[in-house]
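K.L.:
With chain A fixed as given, assemble chain B onto it according to the hints.
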Amino acid sequence: MKPYFHRTTSAAPLALFRIAFGLMLFGSIVRFWSKGWISELYINPRFFFPFYGFEFVKPLGHNTYVVFAICGLSALLVAVGLFYRLAITSLFLSFTYIELIDKSTYLNHYYFTSMICLLLIVLPAHAYFSVDAYRNRTLLSDQVPAWCVDSLRLFVSILYVYAGLAKLNSDWLLHAQPLRIWLPAHNDLPILGFLFNYSWIPYAFSWFGCLYDLSIPFLLWNRRTRPWAYAAVVGFHGLTALLFPIGMFPYIMIVTALIFFSDDFHITVLRRIGSWLQMPAHFLRPHRSFTYQPIAGQTIRSLLAIFFVIQFLFPFRYLLYPGELFWTEQGYRFSWRVMLMEKAGYAQFTVSDDRGNRTIVNNTEFLTPLQEKMMSTQPDMLLQYAHMLRDYYAQHGFHDPHVYVDSYVALNGRLGKPLVDSTIDLAREQDTFAPKSWITSLDDKIYGF
Amino acid sequence: MRQFSWRKIGTIGAIVLAIWACSTSGDTDSPTPTPPTDQAGADRKAMLTNIADNIILPSYANFKGKLDAMLTKADAFTAKPDKTTLADFRQAWIDAYTEWQKVELFDVGPGEKHTIRNFFNIYPTNVTGIEDYIAAGSGTFETPLSYSRQGFPALDYLLNGLGTTDDAILARYTTATDAAKRIAYLKRLTGQMNTIFTAVYGEWTGGYRDTFINCTSLDAGCSTSKLVNGYVLHYERYIRSGKIGIPSGAMTNGTANPETIESLYKKDLSLTLAKVAHQAVVDFFNGKSVKTGQEGPGLKTYLNSLGAKDSRTGSSLSDIINQQFTTSANQLNALKPVLYDDIKTNNTAVVQVYNEMQKAVRMLKVDMTTAMSITITYTDNDGD
Chain A
2 MKPYFHRTTS
12 AAPLALFRIA
22 FGLMLFGSIV
32 RFWSKGWISE
42 LYINPRFFFP
52 FYGFEFVKPL
62 GHNTYVVFAI
72 CGLSALLVAV
82 GLFYRLAITS
92 LFLSFTYIEL
102 IDKSTYLNHY
112 YFTSMICLLL
122 IVLPAHAYFS
132 VDAYRNRTLL
142 SDQVPAWCVD
152 SLRLFVSILY
162 VYAGLAKLNS
172 DWLLHAQPLR
182 IWLPAHNDLP
192 ILGFLFNYSW
202 IPYAFSWFGC
212 LYDLSIPFLL
222 WNRRTRPWAY
232 AAVVGFHGLT
242 ALLFPIGMFP
252 YIMIVTALIF
262 FSDDFHITVL
272 RRIGSWLQMP
282 AHFLRPHRSF
292 TYQPIAGQTI
302 RSLLAIFFVI
312 QFLFPFRYLL
322 YPGELFWTEQ
332 GYRFSWRVML
342 MEKAGYAQFT
352 VSDDRGNRTI
362 VNNTEFLTPL
372 QEKMMSTQPD
382 MLLQYAHMLR
392 DYYAQHGFHD
402 PHVYVDSYVA
412 LNGRLGKPLV
422 DSTIDLAREQ
432 DTFAPKSWIT
442 SLDDKIYGF
Chain B
9 MRQFSWRKIG
19 TIGAIVLAIW
29 ACSTSGDTDS
39 PTPTPPTDQA
49 GADRKAMLTN
59 IADNIILPSY
69 ANFKGKLDAM
79 LTKADAFTAK
89 PDKTTLADFR
99 QAWIDAYTEW
109 QKVELFDVGP
119 GEKHTIRNFF
129 NIYPTNVTGI
139 EDYIAAGSGT
149 FETPLSYSRQ
159 GFPALDYLLN
169 GLGTTDDAIL
179 ARYTTATDAA
189 KRIAYLKRLT
199 GQMNTIFTAV
209 YGEWTGGYRD
219 TFINCTSLDA
229 GCSTSKLVNG
239 YVLHYERYIR
249 SGKIGIPSGA
259 MTNGTANPET
269 IESLYKKDLS
279 LTLAKVAHQA
289 VVDFFNGKSV
299 KTGQEGPGLK
309 TYLNSLGAKD
319 SRTGSSLSDI
329 INQQFTTSAN
339 QLNALKPVLY
349 DDIKTNNTAV
359 VQVYNEMQKA
369 VRMLKVDMTT
379 AMSITITYTD
389 NDGD
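Protein chains in written order, with my numbering: chain A, 2 to 450; chain B, 9 to 392.
Here chain A stands alone, though its shape is the one from the complex (with noise of 0.2 Å):
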């Protein structure tokens, strides 16, 4: 037996995997566009929320569709293989500035849409059934290195694996929170409707949820268990899209988990396709490896290695806060933690200054409705604007002034209660990664991850 990092397997996974995700991709990229999300989002309001850290990228007004237009091409030219390498790394850097440029619009997907891309880059996923390997037959191959379907396959596990765990909670398992609140909403629609009127059904979905997030990778990766894991993967991320407004999400897990069939299965499929297509028999059975440089290949393996510390550890940076992490979010994004909040909020800024200038601020002269929801539950973008407030208040007639908030923040049908001590002067504090002292506690204990 070779060792691990010797190891070859079928390039076709990789393949299908580059050519439905590009087209998803792109896909979603058209939907976007279409629904006129991107003068909405991130052209028409006035103020924009940085991620720390990242504040150098800046909204760029109408360029901003070139922007979109560049990452749309990028997804077709990845999904046929075509100017692969310089394709797939635009396409990261465009997609992924588009998410920087406004906290407000963060989403996991997205997330996970950046990092797949990310590793995509070092990842031959054009050795086969691509343009590029069409025109060069020196890169063409059936076999791949088997790290490198694996290390999707991983990122896929580590997703799931810390959706599952962020789950194991009180206020999931034994509340029922935040579904016991989503699924009565719902309780007008035909057939399934009357079950979301009983109280044991989000139980049963909290726990399904819990239960299938932890097991799914595992199910998906035995091939014994693999039909059935998939037809779960398919109801569960469907009735979630039916119930849920959570856009692209289900159908890019849909597709996403299909990396986990046998390198049979996606043969089939690619050579089903092809013969479609008319390509050359050569063109889909080469009966050639790829094979990296060695230097190349030990240095993105080491890359890769890094990378997954990373996302083994990041999501757990929010054990070196204080604090309840649904209430403080500190540490909350880019940790996998999906739909587990039902959070509601208020805040009020009071603008002064020692020389007798008080207002009280009107949220949408400077916040569109979807800011103003994200900013008023969320600590670290209350105090981002409350900067933006100081400076603009700054500069039209205030002295040096004082920004205060009244909040009002309701989670997982807690009663609502001040998320900011409403005594503190918001405009004299700095976001670091220092925790902050000027959210209020909880007063609640939430139990588990």
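No wet-lab data here; the hints were simulated from the structure.
Misleading hints may appear alongside valid ones.
In silico EDC-like pairs for lysine to aspartate or glutamate, Cα to Cα no more than 20 Å straight-line [to be verified]: (1) A:K446 <-> B:D318; (2) B:K195 <-> B:D115; (3) B:K283 <-> A:E343; (4) B:K367 <-> A:D151; (5) B:K367 <-> A:D422; (6) B:K367 <-> A:D407; (7) A:K36 <-> B:D227; (8) A:K418 <-> B:D318; (9) A:K374 <-> B:D227; (10) B:K283 <-> B:D140; (11) B:K317 <-> A:D422.
Owing to the predicted nature of the structure, the values given are computational and were not obtained by experimental measurement.
P.N.:
Coordinates of chain B only, in the frame set by chain A:
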């Protein structure tokens, strides 16, 4: 084996898709199983039906009665302006304005489509604008700028604000050089109110009621979400801010601004209007029938069926909201009859009303909507 798994996957996928397709087909003829009894309050169709048939429609019918009566008195006054017809018109105006407070909160369906509030109750009224329109003998009533030149606040000015005595006011309609133009303006004003309300009421009685009760989803475009959004907005912006917060200065830099109260020229009416509007909001929350006074399915029963409560004390959210309503109402009742004077001499008490109402706003806007899984879609523009 390969072929086998492939086929198996296909079959399973097809079954799942079939189930999914059936469940999304929107087949309304299928028999709906009876929900468990303790969850009956979660039936949104029953709630919407009660709200439409026992609250919104009868409230509109009551308002129509008062509005029609006012229009009759307006005709009598414009035909023959004298002390009697003026007194009659004023009383009918008071009755209609008071009744209006019980329908302004229905910002859903035809009311929302026609933006009826804009044509009935935007204040402070624009005296200069009104006089411009009177002098010109024309002017549109359809633009946002014109909203403050019409409706009940404009009538307030024209009935109560033209002079310090009744004789002085009557003179503006009889002997003044622009008397005819002023009378013509009154006619246009009341005609406009009639047109807008007739359109809204006509749509409600002409089929919208069925649309309303059958749009049971909680999506932003459907009845419950629109109703709740309009309701919370009404309480926040038009009761808390409009009637109390802005005049008392609680919303701005603390400087009282009594000239911005509702019914500025009939100063002993402002507080009554605020109380009636507040009570209408409370009754609506409790699903109280306008016809019988009995409580039926409404926001309260819906919240109860969802089990929304304070987990520490066990008290239900609906009780907590009702307690806060009571506290606000008590503060309101503690004010002296003339709100204008209170703002000038006893503003702390008025600001106190605002503070209590603000607590209710948070409960409605955050606690209630989050428990119902309704998204607040309106954008508040407090502080303008």
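K.L.:
If a hint holds in the structure, say so; if it doesn't, say that too.
P.N.:
Consistency of the hints with the structure:
1. Note on K446 of chain A and D318 of chain B: the hinted pairing holds, with a Cα-Cα distance of about 15 Å set against a maximum of 20 Å.
2. Among the hinted pairs, K195 of chain B with D115 of chain B is inconsistent with the structure: their alpha-carbon atoms are about 27 Å apart, more than 20 Å.
3. Taken as a hint, the K283 of chain B and E343 of chain A pair is broken in the structure, with Cα atoms around 34 Å apart against an allowance of 20 Å.
4. Taken as a hint, the K367 of chain B and D151 of chain A pair is broken in the structure, with Cα atoms around 55 Å apart against an allowance of 20 Å.
5. Restraint check for K367 of chain B and D422 of chain A: the C-alpha separation of about 17 Å stays at or below 20 Å, so the hint holds.
6. With a C-alpha separation of about 11 Å, the suggested pairing of K367 of chain B with D407 of chain A holds against the 20 Å cut-off.
7. This hinted pair checks out: K36 of chain A and D227 of chain B have alpha carbons roughly 18 Å apart, not beyond 20 Å.
8. For the given pair, K418 of chain A sits about 11 Å from D318 of chain B by alpha-carbon distance, which is consistent with the 20 Å threshold.
9. With a CA separation close to 17 Å, the supplied pair K374 of chain A and D227 of chain B stays within the 20 Å bound.
10. A C-alpha spacing of about 33 Å is found between K283 of chain B and D140 of chain B, which places the hinted pair above 20 Å, so the restraint is violated.
11. Note on K317 of chain B and D422 of chain A: the hinted pairing is violated, with a Cα-Cα distance of about 24 Å set against a maximum of 20 Å.
Checked against the numbered hints given earlier, this structure breaks hints 2, 3, 4, 10, 11; the rest are met.
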